[in-house]
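**Student:** Following the hints, put chains B, C, D and E with the ligands in place on chain A, whose structure we already have.
Sequences listed follow chains A, B, C, D and E, in order.
Note that the working numbering has the first sequence beginning at 1, numbered continuously upward.
Note that the working numbering has the second sequence beginning at 1, numbered continuously upward.
Note that the working numbering has the third sequence beginning at 1, numbered continuously upward.
Note that the working numbering has the fourth sequence beginning at 1, numbered continuously upward.
Note that the working numbering has the fifth sequence beginning at 1, numbered continuously upward.
Errors might be hidden in some of the hints.
To be verified - Chain B residues, not near chain A, derived (Cβ > 12 Å throughout):
1. Ser71
2. Thr111
3. Thr164
Unchecked claim - Label pairs and their in silico Cβ distance ranges:
4. A:Ala267 x D:Ala71: 56 to 66 Å
5. A:Ala267 x B:Arg121: 12 to 22 Å
6. E:Pro210 x A:Arg151: 45 to 55 Å
7. D:His68 x C:Ser28: 52 to 62 Å
8. A:Ser120 x D:Phe14: 16 to 26 Å
9. E:Pro141 x B:Ser84: 47 to 57 Å
10. E:Asp232 x B:Ser84: 24 to 34 Å
11. A:Ala267 x E:Pro141: 34 to 44 Å
12. D:Ala71 x C:Arg185: 36 to 46 Å
13. A:Ser120 x D:Ser235: 25 to 35 Å
14. A:Leu54 x C:Gly74: 31 to 41 Å
Rather than coming from a laboratory, the hints here were simulated on the basis of the structure.
Computed from a prediction, not measured in an experiment: that's the story for all the values here.
For every residue, glycine included, the Cβ atom is placed at its ideal position computed from N, Cα and C.
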Amino acid sequence: MIERSDRLSAYVSASHSFTNSGRWCVYLRSAINFMRRQWEYLLLPLALALFLVLWQSIVWIGGYPPFILPSPGRVYAKLVGVLSDGLLWWHMRITLIEIAGGLVLGLTTATVLGYLLAKSRWLERLVSPYIVASQAVPVVALAPLLVIWFRSGQLSKVLVCALTIFFPMLVNVMVGIRSVEPDLVDLMRSLRATRWQMFILLEVPSSLPMLLGGLKVSVTLSVIGAVVGEFVAADRGLGFLINVARGHFDTPLMFVALFTLVGIALALYLLVVIAEGVLLRWRG
Amino acid sequence: MIERSDRLSAYVSASHSFTNSGRWCVYLRSAINFMRRQWEYLLLPLALALFLVLWQSIVWIGGYPPFILPSPGRVYAKLVGVLSDGLLWWHMRITLIEIAGGLVLGLTTATVLGYLLAKSRWLERLVSPYIVASQAVPVVALAPLLVIWFRSGQLSKVLVCALTIFFPMLVNVMVGIRSVEPDLVDLMRSLRATRWQMFILLEVPSSLPMLLGGLKVSVTLSVIGAVVGEFVAADRGLGFLINVARGHFDTPLMFVALFTLVGIALALYLLVVIAEGVLLRWRG
Amino acid sequence: MEIILRAEHISVIFPSPQGGLSALEDFSLAVSAGEFVCVVGPSGCGKSTLLRVLGGLLPPTSGQVYLHGKALNGPCSDIGIVFQKANLMPWRTVVQNIILPLEIQGLDATESRRRAAELIRLVGLEGFEQSYTRELSGGMAQRVAIARALIHDPQILLLDEPFGALDALTRERMNLELLRIWEARRQTVVMVTHNIQEAVFLSDRVIVMTTRPGRVTAEVPVRLPRPRSSDIVYSDAFSALAWTVHEAIPG
Amino acid sequence: MEIILRAEHISVIFPSPQGGLSALEDFSLAVSAGEFVCVVGPSGCGKSTLLRVLGGLLPPTSGQVYLHGKALNGPCSDIGIVFQKANLMPWRTVVQNIILPLEIQGLDATESRRRAAELIRLVGLEGFEQSYTRELSGGMAQRVAIARALIHDPQILLLDEPFGALDALTRERMNLELLRIWEARRQTVVMVTHNIQEAVFLSDRVIVMTTRPGRVTAEVPVRLPRPRSSDIVYSDAFSALAWTVHEAIPG
Amino acid sequence: ATPAPTVTPTPAPRRVTLAMGFIPNVQFTPVYVAVERGYFAAEGLEIEFDYGFDTDLLKLVGTGERQFVIGSGDQVILARSQGLPVVYVMNWYRRFPVAVASLKPLDKPQDLIGKKVGIPAFQGASYIGWLALLDAADINPGDVDLLSIGYTQVESLVTGQVDAAVVYAMNEPVQLRQAGYEVSVIPVADYIDIVSNGLITNEHTIAENPELVRAMVRAMLRGLRDTLADPDAAFDICRRYVPEIDDESAPLQRAVLEECLHFWRADDLGYSDPAAWQTSQAFMRQIGLIETEMETSEFFTNEFVVKP
Ligand SMILES: Nc1ncnc2c1ncn2[C@@H]1O[C@H](COP(=O)(O)OP(=O)(O)OP(=O)(O)O)[C@@H](O)[C@H]1O
Ligand SMILES: Nc1ncnc2c1ncn2[C@@H]1O[C@H](COP(=O)(O)OP(=O)(O)OP(=O)(O)O)[C@@H](O)[C@H]1O
Ligand SMILES: [Mg+2]
Ligand SMILES: [Mg+2]
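Here chain A stands alone, though its shape is the one from the complex:
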């Protein structure tokens, strides 16, 4: 009874509004606006859906056996399995800790060193060959030294992760600090800003676009950095899980681990994008 009267009143109000076509227009426009904004939020799920469709089609068309390319359904089933028995969580936690450590270590080092190198050309000349070298040497070749010097615990993975993310951030810190408007430096000097104030009130905000760019690369690479560290020698973590899955020809499990990695990378990247939205609001 109540339901019916509600419907009735809705009908009445609708027909009433209809006569008032100006207001309708406004509603319509705001609805379209709303949809446009929503559409932006739909893009991410859309990208995901597109991916799933593409994947399934490759499986069908390519006719690959599951141990080469399992279907989405199989991977999902495996995901549910390893989620429910806690295996995935456990390995993921390990890798997350390494990533966190690597990010903290790598980003601080990159910022501090990048700042110093940006300020001093001769320090840059002296140190940059080492930095470049550290990036050109494959981690596996360093494995013996890493194991000897840092044991095989989590520290070595944190270090490998830090090493991986360090360089893109360092370069962007340098580019950013060197691009600071000289006139604003003069302004800050005339106000007798301390070195720290210069850094925090001028250099950081002015190079923020570049810092956030470096951060985007760094957080994305942090995932692979930790995993590569685990590849060298580990008995836990997602990199280890991938290795075990490969060794056991358990491709669905490997895909679950890979997607977890991708998920972590996407989450970190999204965080930076959100930070960018807030911090670069002034650019309109």
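**Tutor:** This is chains B, C, D and E with the ligands only, laid out in the frame that chain A set:
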């Protein structure tokens, strides 16, 4: 006899100059200036020398056997050996070709895609999850698919290399294009510049510091990109050589291969630094 | 006289937290071919916004601009603009900045350089051809921007306080040069200035604007004989006109 | 009167491909405490360079600046500078830009905001407190810069064409405000301007400079009574002084 | 599929890709010998080597992307449990090559109790070998402190990071001895007989092209026999295929080859012992690596191994 008279004349001219102390001052100052400039050029060799000293001290102090950490002398001897029998050249040529291919492919893709993403927010939202994912997945995990899709020739290494260098460049292209001064865009628009002119006359020069930053990261990572590609499956190239050296417990050979990698990376990096010096002259 | 540039019922509303800042409201203006119009008004009244709309750089919230009777929906190469800021490219030298419009039009380099050399002499920057913009003083940068706007010889010039950073003497000289060029080339000029003397000296008509919303409060036609020389500023007619404009500006 | 700021035999040579550009040559100047000095001269003659040297931002190639009799070898918090460009931080709102000097001095936020509100009223920017700099007109940005220089109440003010982008009326109002503040706070001011009227109206002394090398050609003491009101510009003494300055500027 | 070649040499040699382990290595000497002496050519085959990670290569054989790979028996069992149609057609390593090495005296597995032992990874042949050894010696895995150290066994042993390490018997111990260290070794094969490396192909190739498989096996066995008969000549051939072995590293590699011979030697070269497969599968089930019991005959066949 000749020597004595030379000395004498040097003495005379010195004592003569001495009375003219103003000129001496100028000479001294210009000499110091000259030395300062030379000093800058000395920094790179100095960095190298420092490294050698450090290395030798670690060998002595750590007392490591040569199969863990060979002395500089041993590595040098091995280097001479593999240079003279052409082995190093041969592997290096392979890797250089892969690096060149990877750089061309990776940098063009990054520039084109970076430009498009910088211009279109919704394209960015749609595509960036895939890009992030492509960076978070370890190459080794995809090895069988790579082999099936691209065979095990050099193409797959070029692709892995391109994939490695692509992301830092892409992000910096985006940051650069988005940082272009809106007032200068207005200027160019008022002059009815075409899209291409906008790109080549405004967007490229104005984002040059960031592009060169991205390039620095990319060329450095290109080396490791090619080598990782070779790790997956190869029968030639420096990455292969490293693997062979490890397999044969030939640590000096591994070091030779590593130093070759570092040398390539340093050479590429130096090229970018030189380009930077020329292209950013206007910043003084 | 034929109307070359016509703005009809232009409104520009910038989004703002308080719901929208009305920079121009129902602004209409018609400029004849060969006319020299000056716009004066208080700081922030919408003069620069007006020039951006006239130049096709900013689509108005409502209203329409017509060039040669056709709706203007974007920048047009007939129109040259001098912005309020010098807007030089720091990676280009003085010469390279000046020839930018010709480079975009695809003119060959030697002809460009010849024209640039001429304009550099005009704005008094001989010896600074190869300087980068960070080595220029404020006034020198502004002069480079003026030279750049003149080089491709546009039919319509939109000038936003082009002589603001110049000293009195250079300014006077530039005023005379501008008049000479305008008379020789029969261009159409719309110029924003803060200097009432300058406005009266140069123009055929002075438009006076009010602040927020930017509207026309007065149009003062200037019927002084041409060509004008510097002496004209001492005439009674000139003083009277300057006074009229001064009084029209809202305090 | 005590000499508060003294420049002795200042030369500034900028490196240039032609071997060195002499922006200032053997320039000497002594400013007494509480004095108001205006500097005029052609574009590019070294006025901004002079202010940068006086502010301790640019070490001169030779010569020395003394503040309170002590050699000045770097910026000093007693000196406030308004640059020729507004030099605002685009990531800060108007209020945030204005309170920057206080933030650096570590003043607490509420007091800062109170003072900023006062200055915003003074420069006529009410309602734009939360605007970012890209939403400001040229003159509004300059007014923000002026407010920023006044907020930390420095003993010495170095102003580089602070009112260049302002319309005649706002400029007049700002002139009067500046005089009021200067008289109330007994500050010392060195101000670059292109407006001879303004120079004579405001200052105790007008320094006239020549171009490359920048030197003093004339010093015109202005002994008009204080406090001055706008009417003074119509006096004969004022006209005579303005004429003297005008004639002293090298053509 | 192409028609099966006859036993007699065909004029146009048929290209076959043989996927081997990671890198060219002295351990592949028999293959190089077979190529060099024309044993493959005699079967009408032209061999192309393909190096890579063994698990990847096995997958490629499983898809038919490659026809032959050299891999170990435990991998075949694991792969088949995941549905890869791979079959082991020729036994090469008669003894399982994994061992435990230490620079301290080590007589029996029990000596490892309470010690720190390094292992490359918690999977793969070395892990299985390790567990098998503990199982055979009745040691509780919890009584040994096992560390994952990657492929850094030599370095870890020398620097004292671990008391013992799980190694390949013909690699690390040989290297250490060559460098002058006293090494004690416990080979897993002394305690349990599990299936080791051999030639692997897929069901499709066996069904469509049995002659090809037979030819491959025959040629490889000839190479193996020659190597066992005259290791010095074989080593010289090997050096031609692995130019990275220079005069400096040759003695060590020669020693590695010598050690290998102990693991290859057998009375009935190429034959798989069904009992070994049985043991392997039972053990892998016991430690939970595989869940379902499979027919041992799925894993391997001896039908292509012919007596000379
Ligand atoms: N991009 C923008 N976003 C928001 N508001 C803007 C923007 N540009 C201008 N405004 C506002 O529009 C009004 C008019 O600005 P405009 O630059 O046209 O003034 P103007 O007359 O040129 O002033 P001035 O003489 O100081 O240069 C101002 O209140 C300004 O704050
Ligand atoms: N950083 C620099 N490098 C090289 N030359 C410079 C530099 N700064 C200024 N100059 C030169 O010094 C001279 C004086 O410049 P300055 O900025 O002091 O002039 P100004 O008197 O302030 O002129 P304006 O009134 O146009 O602002 C100019 O010729 C200019 O080209
Ligand atoms: Mg304006
Ligand atoms: Mg100046």
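**Student:** Run the structure past the numbered hints and jot down the numbers of the failing ones, going up.
**Tutor:** 3, 12, 13
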